[in-house]
Every structure is written in C-alpha cells, then in structure tokens.
Amino acid sequence: MQRIGVFVCWCGSNIAGTVDVKAVAEALKAEPGVVFSTDYQYMCSQAGQDMIKESVREHKLTGIVICSCSPRMHEATFRKTAAAAGLNPYMVEIANIREQCSWVHKEMPIGTEKAIILGKAAVAKVNLNTPLTPGESPVTKRALVIGGGIAGIQTALDIADAGFPVDIVEKKPTIGGKMAQLDKTFPTLDCAACILTPKMVDVAQHEKIRIFSYSEVSEVKGFVGNFDVTIKKHARYVKEDVCTGCGACVEKCPMKKVPNEFNLGMDNRPAIYIPFAQAVPKVATIDPNACNMLKNGKCGLCARVCTAGAIDYKQQDEYIQEKYGAIVVATGFNPISMDKFDEFAYNQSKDVITSLEFERLTNAAGPTAGKLLRPSDGKHPHTIVFVQCVGSRCDSCAQKGKEYCSKICCMYTAKHAMLTRDKYPDTEVYVFYIDVRTPGKSFDEFYRRAVEEYDVHYIKGMVGKVTPQGDKLKVQASDLLSNKQLHIDADLVVLAAAIEPDKSARPLATMLTASMDTNDFFTEAHPKLRPVESPTAGVFLSGTCQGPKDIPETVSQAGAAASKVIGLLAKDKLKGNPCVAHSNEQMCNGCSSCERVCPYGAITYEDKEFRMPDRTTAIRRVAAVNPAVCQGCGACTVACPSGAMDLRGFMNEQIMAEVDAICK
Amino acid sequence: MQKVSQQQLIDKAVSLLADGTVSCVLGWTKGEFDYDITPALFTDEASLRQGFVWNDFCGANFSKYLVAKTRKCEGKILVFLKPCDTYSFNQLLTEHRFDREKVYAVGIPCEGMADIDKVKAICGDGISSIDCNGEKMAVQTIYEDAPVQVDASSVLAERCINCKSKKHVAYDELMGDEGDVIDSARFDEVAKLEAMTPDERFTFWQNELSRCIRCNACRDACPACTCEVCVFNNPKSGVENKSPANSFEEKMFHIIRAFHVAGRCTDCGECSRVCPQNIPLHLLNRKFIKDMNECYGEYQAGAEVGSRAPLVNYTTDDLEPGEVFNGRDSDA
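Sequences listed follow chains A and B, in order.
The working numbering puts the first residue of the first sequence at 1, with every later residue one more than the last.
The working numbering puts the first residue of the second sequence at 665, with every later residue one more than the last.
Quick caveat, the hints were computed from the structure, so don't treat them as lab data.
Computed from a predicted structure; not experimentally measured.
From the three backbone atoms N, C-alpha and C, an ideal C-beta is built for every residue, glycine too.
There could be a bad hint or two in this list.
[Said to hold, decoys possible] DSS-like mimics (lysine-lysine), calculated; alpha carbons at most 30 Å apart, straight line: (1) A:Lys-484 / A:Lys-474; (2) B:Lys-740 / A:Lys-608; (3) A:Lys-252 / A:Lys-171; (4) B:Lys-740 / A:Lys-664; (5) A:Lys-22 / A:Lys-114; (6) A:Lys-608 / B:Lys-733; (7) B:Lys-676 / A:Lys-608; (8) B:Lys-736 / B:Lys-676; (9) A:Lys-60 / B:Lys-733.
[Claimed, not checked] Non-contacting residues of chain B with respect to chain A, defined by C-beta distances greater than 12 Å in every case (computed): (10) Lys-736; (11) Gly-739; (12) Asp-809; (13) Glu-837; (14) Leu-857; (15) Thr-861; (16) Pro-940; (17) Gly-961.
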C-alpha cells in the first residue's frame, strides 16, 4: 500500500479564487492510500518545495499528488523535489486544477467539485505507480542545419565555433539565401552583400562546417541525439571538388536565354551558371531543363572549355547518410505569389514589381547594374507608388493573402523610399499604408527621416486599383485622413508582398514530426519561454521558418538556436523518457498491429522459445520495443488486440483506475 | 449435396499422407449425431477411411486450429478450407499466427452449410440420421418410418444465404471449380438495426444478449480470437471469468469482443454458428465492418495477406474522428 501525500496549491488567487483549496485537501484525505493532505499558497516556491520534502520524511510518503497547474509547467520541478527527498521522481502525479479547472470555471462550488474529482483520479493513479528509471542514450556530436540563408549561416557558425561539426543543407546551388539578394539593410543602410559575404566565406573556410549545396533532406529517422538523416545531393553535372569557379563555361555556354532566378527573372542567365559573383561554393551548376547537351546530347561546349575537367554530364543524384545529434530548421521564406491580386495589375504590367524585385533593380549586381530603370522600357521612373500590406493582414474570409503582419515591409519600404529620394531627388515617391509599424531599435527614427528629411509622401489608405494606360500606371487610391480619392499617374508600382514560409517546410515538418501552425510556420515548444526549440526534442528553429523576422532578429534567434544545440551536443549521454511502451511476452501474439501503428519504428519482432503448459517448448514471434526510440505516444497500446503492450507510467490499469475514480 | 464428395477428400488426404507431403490431416468427424460434426486430427489411412466426414454439416472453420496444431505437429498439416475459411486463414497469416510452411491447404468448394435448427423446424426433434448424399437431404426421425426429404437450399445457415464469397483467397491446391466473390445482402440485417431508434436497438440487444450463458463458445470458435492470453482469462484485466451476473456484464463481454476483433473479423460467422443460445453475434461484427467500409472505404479482412486494416492504418484521406461521429449520428 502506498503512503500518499496530497499537496494542494493556491497559486495565489489563480486557483484559490475559484477552488476551495482547503475543501479539496480535506476531501482527498479520505482517499485510499492518502496519509497526509495539505494546502499552500505557492507550492512551487522554495518554501513550498521544502514543505513537500519535509512531509515526505515526516510521514514516510511513497507517492505524491500535487494539485496545481498543468504538468507542462511544473511537473519537472516537483519531480526534482521528490528526488531530493529520496523518492523516485515518477512517484509524483499532478492534478491540473488550474488550466483544466479554476481557469475555466467561474463558480467556486463547481470548481471545487471538479478539483476534488481530478485529485481523486491522481490519487488512484499514484496508488498504482511504480518507480521508473530512465534509460540513457549517447549523443552524436554533430549538428545539421537545414537552410543556408543568414539564419542557417549564423547558427552553423556559432555551433562550429563551439567546436562541434555542422553540416548545412541548402537546396539552391549557393548559400546566402534572401539576404544575398538584398541591396541595403535597414536601419543603418549598410550593404547586404558587404556584411553577408564575409560570413559566407567564413562558413566555406570553417574546418568544422560542411556545405551540401543543391541538396535536400530526403529522410529523417531516429530521435534526439541520434538522428539518421538521408541527404539527397542533386546532380549539378559539375564536379564540385574540381571546379575552380573561373566562369569560362558560363561565358561560352550558347544557351543564354534562361530566366535568372537570382534576379527574379528580370534578366537571363546561361544553362550553366554561377548564381552570383560571391556564391559559396563558387562552382558552376548546369540547369538540366535548359542544357542542350543534357536534353538531346548536342553541344558539350562547356566540357571543352573547362580546363579543370570539371564537367560531368553523367553525374547522378547522390544520397548521403549521416548521423546527427541535433537538427536546426532554417528554411526561411518567400514572397507570396501575386496571382490572386489582380487589382494591382502585377501580371499585366512589367512595371508593377514586388519589393524583392525592387531590391534587385537597385542592387549594383542586379539586372540594371544598380540603376533604377523601369523593366518595361528601361526609362527612369519619375513617380513611384509603394503599396504596403499586399497580402499581409488580410481578412481570413478573403481567401487570399495572409492574416498575419509580415513585419519587415514597413521598414524596407521606408528604406526603398528614402534611397530612391536620395539617389533620384527628381522622383516623387508615394507610400500607401494601413499602419506604419516601426518598433525596433532606431526604426522609428529611420521612418521619420524618410518622411521629414526625404519628403516621401506617406498616405494612410489602400490602393484600390492599378490600371496600365500607355506607358503610365493609373493608380486609384484613397487617402483616409483627408477622406479623398486619389488618382496618381505612376511610372512604377512596388508591391510589399507578404512573406510566407518556404514550400519545403511542410514536408520537412512531416519528416521531423515537428508541428506547424495553420500558416506553415513551425511552432515553438513555448511561445515565450522556449522560442527556438520545436516541441520535438532535438529539433530547433532559426529564422523566418518560425515567424516573420528582420535580419537583426533572425541573427539573434540563430545564435539562440545555436546555443541550445551546443547545450545538447555538450552532453555525452541523454537521459531518456522512462514512460515507454513494453510488451508482455507471455501475452504477445506477434500479430504486428503495434509495429504498423508505431510512428517511430521503435518496435521489432523476435522469435523466442517459450515453455508451454504441457512442458513442451514452442517458438513464438513476440514484439520488442526499443526504449531509446519509443516516444511513449501509446498508439501501440490501443492497437494491441491482446493487451500485451503497455505504457510505463501510463499503464492501462492506471488509466482505468483514473477513469473509475472520476466516475465513482 | 456438396460438389466434391467425401470419398474424393479422403482419397486426397490418403495420397498426401502416403507421399509424405503431410504428416497429419485436420478434418471433420461425426459426433454424437450425424449433424453434430466436430473437428478431428487424423494421422493414418485407417482412421481417415473410418472417421473422416464431409457433408452439409461441416461448418467448422479450421483456420484457427492451425495456430495450436502447427506448434505441435511434426511435419506439414493438411487442412481443407472452404472459401470463407480461406479469409480467416489469410488474416491469421497477416497476424503471423502460424507458420505457412507447416501447412498444406486444399481449397474445396462449398454449396453452403445447413442450419440444424431449420432442419428441426421442418422435421421436428428426434433425428436419428441424416443422409446428405442425395439430391435432397434425407432426414430420419425416430417418430417416422420413412426419412423426410428436405431441400438443402431451404435449410441453409444465415451466413451461407448471405455468402460473401465462393472464391478461395488462399490454397496450395484447389479441388473442384473456383467461384467468385458474391455481392451479398449481408448488411441488410445491419441496416434494419440502424433504422431502429436507439431505444429499440437497445431493447433488441438487451433481449438477445440476456440469453448469453457465458459459455465462451463464440470466443473459442472465433478465428480472430487467438490471443495467447485472452483478456477474459487474464486476472489482471479485471473482467476475468465473470459469469453474466447482470445485464451490464453480459453486454460488456460481447462488446469488448466485438471491439477486439474489429478490423480483423472476416465475417466467417462461426460465432453465431456455435452459439448455443442462438444469439446473432455476427450482427455486431457486421455493424463494425459496415461502418468501416463506409468511413474508410471497402475493406475485407483476409482478402490478402499483409493488408492493413483501416483501424490500424493512417492515410491522409482518413475521415477526421469528428466526421466519423457525425456520420453515425446522422444515420441514427
């Protein structure tokens, strides 16, 4: 028989406001096994914990029931308290009388009644609890960073600097991500390339970092500390270790009419290409959809001009298997498609562009060598209209765009407007906005400079329609402050398109069993207290895959994710969760039902010899659970037709006892 | 009358025993009465010729016997499988319940099995012998001088009237002609139950299940019930060896059993055949099968080895649990 102590927490007035805590403590005193029951203002405080420890000694307790907040909050705290008092930490059960009781009920009698029932269920369970000991598993001291943008680069550098090997998987031929496409960065206006490319070089030269460019993660197995990852390295038809990046092939390639993705299709590139001058790794890649040699075997010019002999038309996709202890997701973002926003005539006129295209138009390495010229006729635009919140902060019923604020648009639009007025003072610049949101260090000052020093016309209101007419764009808009309709003849319209997570994120989340929100942003383990960890142990989040972010925020989050990874990799052994499934071999039929439902591949079968009642032996197939792989989800226990599978810490017997206690 | 004769089966068994293909034969033998046929294991020609029986009362599905017998017998076992038995055979293979290598399966066609209660309804009690070899079934009772001629099709068991398949889905050798999967009306009875109000349905089942004497025959005959330790024999389960002390317990036994075999039940109908109280237990299982078919698409347990039953399989097309619930709700 257990000797159970019940500790009812007030949580200040959080619980005590709606639950008569003294009545709960009193009622639970009568439950079987309970030898001591009390209440206290803050059970999680040092004094509260000391009281628990003291009671364990004084009343020789073998089990503890804490009636308090959610176990997600303080289960770990109270398990440590129990361990300090000499109890097995798994002899502690939490009855959640805050989130599931006091916070959802308004009236004291109802709250109290439910708290007593929840307490009874926990007592019934503790009566059947057994001490559990977690197993240990080794940690592979290597990290995988998925995505090679500024988030991935910073995380990889920080982890590698701490001495752990890191692999970066980037699906494009070069690392650098969106930041490599930007011109200047707010609010200090330093050039993106000038601050990013040294970091890219650092990555390339770091002895602890390997870059798998033009590659994707194709399979993830295993668990925290022991992930088995398959990386698919796409054939680039150029030997990466031989190519010197001289660019002779790029120059000679006769197929020069391929839209250049790096410049968002505003100019062309050859079939063999290096995305930009500072690409890392600086090796050429052949586009198999454009290359004549690969399509019909006619050409082969690049192989002839390559003095290094790096061209290999027969190269195949390569699959690389590697073990990792931690995985960082840094898959980044893309501007949303403008297809659903016909009112802005994006698909009708070349002179309606997105902000990222504007970045390329003003970038010295862009299609116009940094001169702001209209894509349609190459003329200098004299009137530019910037439209904010295109697809951001949309009504959920509108069936287009996103409900959230993309966060970065206000600032980059202010930057675009200011830079345009600075370089081309004869240009009139209008910015249409819903709100201007500038929280951030030196952000509001920056925006005010655009308005006050550079005379950018900020107009509160949205653009209703853009109509191409001749070589002008007729912009119809409303000015909400003066309650007027505006008609502007613009030369260029720039749309601040909302940003969304990269399309590769959703299948990746499935592979990682990491959760996502409805917008396909990865969810964090706790929105405030664990912002860079995913709820899946060993998977960390860096950058815009978790939510819209600007560069400073991304870099700080990348560093935070790295420090979490370093903390994990610094450990030699990881303590597992002892609440794992196990099979009773005497009862197991070997039917494979459990194996089929196990999402972690933790169950295998073995043929075992059994003594039968008539003294013969028989060989039977029985299930065996790998406790290091099992996550304790319990799917097998309900699939098992014979009840041979059970989950330690959540045994069928315990669950039934809880149900009985509640229904009694 | 069955298309393949008793003599043909005996000859087949004798020859397979003689050439060493098998070391024993799982077959039927006469019990106390002609209609009271029970399973038996034969190991030599003499006992086969003397005791092996094959007629309209050989309803027993031998698939389940293979679980225990393959562990005990040296060498291969010859088993005769009617079409519906082959589904159970496959389902047990899917669940790795016996070693396929230790079995020699001979598929035999089946014209349907007779329900002795229907025979008795025509001929009355006191049946002394039944001859199934003629065009009609000749039933001799102690009260009559001449045997009563009964049309075999008029006394078919319910499961055979609603036969789902004359096709063998597993065998090493087939005797006679292969049949087809039949578009049977087996869910019509379930639909009738579904059309009842919840109160009517409750009364129906209360009435049926109140006759249960907890003899465990349904469980013992069921080819899906092959657990090493049955939950009803397991002291830890809390439901061990209970007599039907009250109406709650008698219902719980059958409901637990129906849940345990859900997705694995091939609808072979053995539960209802062996029930001494004539409880239509197969209707519980058929309701599950019907629901699963409606919620997750057509699925026949045992149609192929290794198939994944919808309840232990996840696909992205699966209905959300709430939708399933609503579906049932609107049915009721």
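Checked hints:
no.: 1; hint: A:Lys-484 / A:Lys-474; verdict: 16 Å, holds
no.: 2; hint: B:Lys-740 / A:Lys-608; verdict: 21 Å, holds
no.: 3; hint: A:Lys-252 / A:Lys-171; verdict: 26 Å, holds
no.: 4; hint: B:Lys-740 / A:Lys-664; verdict: 54 Å, violated
no.: 5; hint: A:Lys-22 / A:Lys-114; verdict: 14 Å, holds
no.: 6; hint: A:Lys-608 / B:Lys-733; verdict: 18 Å, holds
no.: 7; hint: B:Lys-676 / A:Lys-608; verdict: 35 Å, violated
no.: 8; hint: B:Lys-736 / B:Lys-676; verdict: 23 Å, holds
no.: 9; hint: A:Lys-60 / B:Lys-733; verdict: 54 Å, violated
no.: 10; hint: Lys-736; verdict: 8 Å, violated
no.: 11; hint: Gly-739; verdict: 16 Å, holds
no.: 12; hint: Asp-809; verdict: 50 Å, holds
no.: 13; hint: Glu-837; verdict: 27 Å, holds
no.: 14; hint: Leu-857; verdict: 25 Å, holds
no.: 15; hint: Thr-861; verdict: 26 Å, holds
no.: 16; hint: Pro-940; verdict: 25 Å, holds
no.: 17; hint: Gly-961; verdict: 17 Å, holds
Consistency note: the structure conflicts with the earlier hints numbered 4, 7, 9 and 10.
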